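Peer 1: Going down the list, the sequences are from chains A and B. Residue numbers for the first sequence, in the working numbering: 1 to 230. Residue numbers for the second sequence, in the working numbering: 231 to 700.
Calculated from the structure, these hints are not laboratory results. All values derive from a computational prediction rather than experimental measurement. All C-beta atoms in this analysis are idealised placements derived from N, C-alpha and C, irrespective of residue type, glycine included. Any given hint might turn out to be false.
[Claimed, not checked] Label-pair ranges, simulated between beta-carbon atoms:
hint, chain 1, residue 1, chain 2, residue 2, range
1, B, Arg270, A, Ile202, 14 to 22 angstroms
2, A, Ser112, B, Glu528, 49 to 57 angstroms
3, A, Val64, B, Arg270, 44 to 52 angstroms
4, B, Pro508, A, Ser119, 24 to 32 angstroms
5, B, Arg390, A, Val64, 34 to 42 angstroms
6, A, Val64, B, Arg360, 43 to 51 angstroms
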Amino acid sequence: MERNSEDARNPGRERILARIRRALREPRPRPSESGTAGAIFAAVPDVVGRFQKECAGNNTECVVVPDMRRAPRAVAQVLASVPAGEIFVQDAPALRRMEPAWQEVRNVQWSSEGRASESSMATITLAETLVAQTGSIFVSAACGGRGASVVSPVHIVVATTEQLVPDLDAAFARLRESGAAAKNSFLCLITGSSRTADIEKIIVMGAHGPRRLVVVLALSSSWLPLTAEP
Amino acid sequence: MSTAAQEFLRAAAIRSADLRHRRTIRQAIDHYDRAIERTRSRFDDWEAARLRCREIKREAVNHLDRYLLEFEGHVRARGGHVFWAETSAEARQYIADLAARRRVLTVVKSKSMVTEEIGLRPALERGGVRVFETDLGEFIVQLRNEPPYHIMTPAMHLTRTEIADLFREKLGGVASDDPQELTAVARGALRGAFFTAEMGVSGANFLVADTGMIALTTNEGNGRLGTSLPRIHVAVAGIEKVIPRIEDLAMLWPVLALSASGQPLACYNTLIGGPRGPDEPDGPEEFHVVLLDNGRSELLADVEQREVLHCIRCGACLNACPVFRTVGGHAYATTYPGPVGSVLTPNLRGGERFQHLPFASSLCGACTDVCPVKIDLHHHLLHNRRNIVRSAKRPTSERIGFKLWRWAMMSPERFAFLSLLGRLALRAIYRLGLEGSMLDPMRSWTKVHAPPRIPEKSFRTLWGEKHGAK
Numbered sequence: 001m002e003r004n005s006e007d008a009r010n011p012g013r014e015r016i017l018a019r020i021r022r023a024l025r026e027p028r029p030r031p032s033e034s035g036t037a038g039a040i041f042a043a044v045p046d047v048v049g050r051f052q053k054e055c056a057g058n059n060t061e062c063v064v065v066p067d068m069r070r071a072p073r074a075v076a077q078v079l080a081s082v083p084a085g086e087i088f089v090q091d092a093p094a095l096r097r098m099e100p101a102w103q104e105v106r107n108v109q110w111s112s113e114g115r116a117s118e119s120s121m122a123t124i125t126l127a128e129t130l131v132a133q134t135g136s137i138f139v140s141a142a143c144g145g146r147g148a149s150v151v152s153p154v155h156i157v158v159a160t161t162e163q164l165v166p167d168l169d170a171a172f173a174r175l176r177e178s179g180a181a182a183k184n185s186f187l188c189l190i191t192g193s194s195r196t197a198d199i200e201k202i203i204v205m206g207a208h209g210p211r212r213l214v215v216v217l218a219l220s221s222s223w224l225p226l227t228a229e230p
Numbered sequence: 231m232s233t234a235a236q237e238f239l240r241a242a243a244i245r246s247a248d249l250r251h252r253r254t255i256r257q258a259i260d261h262y263d264r265a266i267e268r269t270r271s272r273f274d275d276w277e278a279a280r281l282r283c284r285e286i287k288r289e290a291v292n293h294l295d296r297y298l299l300e301f302e303g304h305v306r307a308r309g310g311h312v313f314w315a316e317t318s319a320e321a322r323q324y325i326a327d328l329a330a331r332r333r334v335l336t337v338v339k340s341k342s343m344v345t346e347e348i349g350l351r352p353a354l355e356r357g358g359v360r361v362f363e364t365d366l367g368e369f370i371v372q373l374r375n376e377p378p379y380h381i382m383t384p385a386m387h388l389t390r391t392e393i394a395d396l397f398r399e400k401l402g403g404v405a406s407d408d409p410q411e412l413t414a415v416a417r418g419a420l421r422g423a424f425f426t427a428e429m430g431v432s433g434a435n436f437l438v439a440d441t442g443m444i445a446l447t448t449n450e451g452n453g454r455l456g457t458s459l460p461r462i463h464v465a466v467a468g469i470e471k472v473i474p475r476i477e478d479l480a481m482l483w484p485v486l487a488l489s490a491s492g493q494p495l496a497c498y499n500t501l502i503g504g505p506r507g508p509d510e511p512d513g514p515e516e517f518h519v520v521l522l523d524n525g526r527s528e529l530l531a532d533v534e535q536r537e538v539l540h541c542i543r544c545g546a547c548l549n550a551c552p553v554f555r556t557v558g559g560h561a562y563a564t565t566y567p568g569p570v571g572s573v574l575t576p577n578l579r580g581g582e583r584f585q586h587l588p589f590a591s592s593l594c595g596a597c598t599d600v601c602p603v604k605i606d607l608h609h610h611l612l613h614n615r616r617n618i619v620r621s622a623k624r625p626t627s628e629r630i631g632f633k634l635w636r637w638a639m640m641s642p643e644r645f646a647f648l649s650l651l652g653r654l655a656l657r658a659i660y661r662l663g664l665e666g667s668m669l670d671p672m673r674s675w676t677k678v679h680a681p682p683r684i685p686e687k688s689f690r691t692l693w694g695e696k697h698g699a700k
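With the hints as constraints, model all of the structure from the sequences given.
Peer 2: In structure tokens:
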């Protein structure tokens with residue numbers, strides 16, 4: 001029903017499609033040279049080392065901790081340098097369990113209570129996957145919504161090495177596997193903190209997005225168990 | 231000669247003589263070239279990456295109906311709307327009507343050349359809507375009330391001092407001309423607009439068919455705020471932007487980032503497939519995609535030039551073009567300047583008005599060398615020239631000139647004799663100090679350049695001496 005009424009209000013649709021089909025009746029001959037089978041990018045053997053190196057290059061702070069047990073303290077240390085004010089946190093079990101580490105000093109707003117507010121001083125989220133080759137972080141709407149990774153001046157991502165893949169091909173394979181594109185109306189591959197080069201092509205950090213992007217990366221694949229408190 | 235052509239020549243002449251402009255552009259492009267140099271080494275095989283990207287776009291463009299329908303189906307399944315606009319006017323009207331129906335007072339726009347193409351901002355403003363360009367470069371040119379200079383770097387023609395003066399006049403509170411401070415001033419000026427706007431308008435770098443998502447590449451984060459906070463998001467895209475699979479982005483994103491700004495990846499590569507989902511904390515209530523034809527299906531029918539629809543609008547051909555660097559982006563008076571603009575515009579806009587553009591090229595081929603999707607740009611410029619000469623009546627002087635040229639060069643002896651005469655005549659004219667006068671056949675060159683030294687021997691003579699005369 002919806003579809004039919006929408007199409008009826010849009011007569012151009014059929015005309016454009018008809019023109020496209022008419023135009024494509026004459027096929028374009030294939031160009032003689034076609035894609036090679038060779039590697040376009042070199043393989044990434046040491047994913048953790050490469051991720052750290054790329055982060056250093058693109059203005060992402062990467063804090064490596066031995067396991068998830070140490071993550072809450074690492075997050076608290078980052079928060080210690082953030083000016084007073086509310087923080088916005090993705091409502092996920094892993095982050096709920098970390099709350100004791102910062103609840104005394106911070107007023108926490110959970111993503112289940114609404115969108116990230118304009119005044120939040122920092123946001124804490126998980127990620128879908130991390131990419132070593134470019135030092136990037138894939139987030140989705142599930143990671144606290146669209147605003148969680150962009151409205152506040154500091155974005156802290158908590159992740160494990162199990163989420164770290166060598167390159168973009170592997171990252172898209174992960175997304176395909178988890179069905180993230182079907183489950184979320186929003187995905188974003190974040191590489192470094194917000195910047196612009198619109199004035200004389202000179203790179204300036206901190207345009208509209210976060211000025212600081214911090215990844216707390218646990219070297220073990222297991223998440224913090226419910227019972228064990230450090 | 232049409233008025234648009236005369237305008238172009240006038241604007242080009244003024245800009246070419248503007249040495250400060252030339253210095254500004256050279257500096258900006260030097261920054262860009264150095265960044266490219268640094269980043270290209272991340273590719274083991276850049277040539278293979280270009281071929282891969284061309285294959286992706288070729289597959290999409292040659293099955294355009296199938297992929298567009300697939301894209302549309304997915305967007306609608308998620309609760310988004312897709313509108314197919316045959317012309318700029320239809321696209322403008324759809325968005326302006328939507329804004330009026332939803333009582334939109336403020337629109338935040340992210341950078342999008344296709345919204346420039348359809349003239350969206352003035353159309354919304356006529357309806358009483360306040361429109362904020364939120365990309366820093368676009369924000370600057372909006373304050374100056376002029377079109378973007380470059381498709382990637384809209385304010386490339388301005389120095390930090392000029393931008394500081396502009397901000398001081400229009401916004402106030404600017405102490406220095408440090409780019410860092412100027413960026414902060416713009417951020418502050420736009421912050422409120424993001425949180426009050428009812429509608430965000432974006433373009434799309436790609437339309438992903440198999441997931442029904444638009445892909446949006448930005449560095450500043452303005453495109454992300456504008457598509458997250460307002461309750462309506464409208465994305466406008468040419469029909470040629472569709473790509474088959476989400477996995478294609480693993481190649482297209484790094485290639486676009488390198489060619490556009492010399493980065494390994496842009497800061498934010500966002501995918502949006504619909505309005506806010508049922509379990510999601512934020513996002514717009516409405517999501518609209520406007521698919522624009524506006525002449526593209528005509529270009530699709532031209533098998534010779536179809537591949538021009540592969541263009542990903544990175545701006546690399548503008549930066550590489552000696553003509554663009556000299557005459558500047560505004561001289562073209564088109565939405566898309568530079569080599570790709572000179573190929574696209576006469577095709578998309580038709581008529582006689584833009585027929586001079588394919589001639590604004592030295593055919594050096596630098597554009598083709600840098601094109602990340604390997605569009606044979608300089609040959610398409612040549613094809614356009616051929617089509618124009620065939621279809622339109624050229625000036626009598628030009629037709630006689632070419633007839634004479636053809637006659638002269640068809641016989642080696644005739645050619646040698648006439649070039650000897652030419653050299654003797656030029657030498658005599660320059661010795662008499664008549665360069666640039668009516669007697670000087672080279673006057674369009676010698677008006678602004680010192681006359682060249684006329685060599686004693688012709689190329690043919692030198693060749694004969696070196697390799698043995700035939």
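Peer 1: The structure should be examined with respect to each hint, and the outcome stated for every one.
Peer 2: Going down the list of hints, with the structure as the test:
no.: 1; hint: B:Arg270 <-> A:Ile202: 14 to 22 angstroms; in the structure: holds, 20 angstroms
no.: 2; hint: A:Ser112 <-> B:Glu528: 49 to 57 angstroms; in the structure: holds, 51 angstroms
no.: 3; hint: A:Val64 <-> B:Arg270: 44 to 52 angstroms; in the structure: violated, 30 angstroms
no.: 4; hint: B:Pro508 <-> A:Ser119: 24 to 32 angstroms; in the structure: holds, 27 angstroms
no.: 5; hint: B:Arg390 <-> A:Val64: 34 to 42 angstroms; in the structure: holds, 38 angstroms
no.: 6; hint: A:Val64 <-> B:Arg360: 43 to 51 angstroms; in the structure: holds, 47 angstroms
Comparing the model with each numbered hint stated earlier shows that hint 3 is the single one that does not hold.
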